[in-house]
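Trainee: For reference, the chains in residue letters:
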Amino acid sequence: MSRELREDSSALHALGLLAGEELARFRRECQADPALCEMSRVLREVTSHLVHWAPPHSPPEALRERLIEDIVSRRGPARGPTHDPSGHGLAG
Amino acid sequence: MAEAPLLLTTDPGERDRTDALLLGLVAEGDREAFGRLYDRFSGPLYSAALHILQDAAEAQDIVHDAFITLWEKASTFERTRGSAFSWAVTLVRNRAIDRIRMRRRRAELLAESVPEDLGYGTDGGAPSADDAAVQGDNARLVRAAIAELPAEQRRALELAFFGGLTQEEIARRLQEPLGTVKARIRRGLLKLREALAPQL
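Quick mapping for you: the protein sequence lines, in order, are chains A and B. Position one of the first sequence corresponds to residue 1 (the working numbering), numbered consecutively onward. Position one of the second sequence corresponds to residue 1001 (the working numbering), numbered consecutively onward.
Calculated from the structure, these hints are not laboratory results. None of these values were measured; they are calculated from a predicted model. Any given hint could turn out to be false.
Over 10 Å on every C-beta distance to chain B, these chain A residues come out as not near it, computed from the model [stated by the list, open to error]:
1. Arg27
2. Ala35
3. Leu36
4. His52
Pair ranges (Cβ atoms, derived) [as the list claims (entries may be wrong)]:
5. B:Glu1148 - A:Glu61: 45 to 53 Å
6. A:Ala24 - B:Leu1178: 28 to 36 Å
7. B:Gln1054 - A:Ala19: 38 to 46 Å
8. A:Glu4 - B:Arg1017: 31 to 39 Å
9. A:Leu5 - B:Arg1031: 40 to 48 Å
10. A:Arg27 - B:Arg1031: 29 to 37 Å
11. B:Glu1078 - A:Glu22: 36 to 44 Å
12. B:Thr1180 - A:Glu29: 20 to 28 Å
13. B:Glu1028 - A:Glu4: 22 to 30 Å
14. B:Glu1152 - A:Ile68: 26 to 34 Å
Note that CB positions come from ideal geometry on N, CA and C, so glycine has one too.
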């Protein structure tokens, strides 16, 4: 894969724009090529900063209170890592 | 744990380490750490969700659900795979985009459901002093870096990140070939990587 294609795929993956066969291929290539995965990881960090592009708003205080109440009523956090070779970008 | 030094740092590496440390404590069931993580992340996450959804109640639901996931799955976090903040952004953005796609499918109004311009177009998107005060130095740096991008790269990234459009939909919206759109996204992200390197 050329450098340009690697960068294209990594950028699209970082933005969640790969789907279907393109995504499956990228994941396969990631497993065989850690540098590709690392490029996607770095670009995902870059894209996460794009949230600061949105006009700033503060959530209502009631949301924080609701969340704290909810976690008190829930069981504790689950244990044990899951495996996603292409990173957190596809989880959740 | 000493609180003030962790909360006051502006060093990106230290900031990420603090986030990871807090998430580690959350994984142990530490509710205070969860509250502190919420205080660090909720502003930008809520702002992004609101910008994507244009609906305060839905944005609150999304942020709520994402933080519940952080609480329940904190122990699955591995710092080598990305920062805690990046994970949280992914949780919120994926949920918000799922919602607008559902909304579009329901209404069959794809063309009308994404704003033509999200407000940071050719004027450079420079932050106001108030905005910078709210979001801090990091937000100011990010907005300044985005403002430096050519307008066509900015627009492609805007539609990709906030619009919830696929590659093909972005190309149709911009009336450009798919390859051109991919190139704009790639070049835009690479320029941002360079500009934000000290923050990564």
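Trainee: For every hint, state whether the structure bears it out.
Mentor: Hints versus structure:
no., hint, result
1, Arg27, "14 Å, holds"
2, Ala35, "15 Å, holds"
3, Leu36, "14 Å, holds"
4, His52, "4 Å, violated"
5, B:Glu1148 - A:Glu61: 45 to 53 Å, "36 Å, violated"
6, A:Ala24 - B:Leu1178: 28 to 36 Å, "19 Å, violated"
7, B:Gln1054 - A:Ala19: 38 to 46 Å, "24 Å, violated"
8, A:Glu4 - B:Arg1017: 31 to 39 Å, "34 Å, holds"
9, A:Leu5 - B:Arg1031: 40 to 48 Å, "46 Å, holds"
10, A:Arg27 - B:Arg1031: 29 to 37 Å, "36 Å, holds"
11, B:Glu1078 - A:Glu22: 36 to 44 Å, "25 Å, violated"
12, B:Thr1180 - A:Glu29: 20 to 28 Å, "23 Å, holds"
13, B:Glu1028 - A:Glu4: 22 to 30 Å, "45 Å, violated"
14, B:Glu1152 - A:Ile68: 26 to 34 Å, "44 Å, violated"
In this structure, the earlier hints numbered 4, 5, 6, 7, 11, 13, 14 are contradicted, and the remaining ones agree with it.
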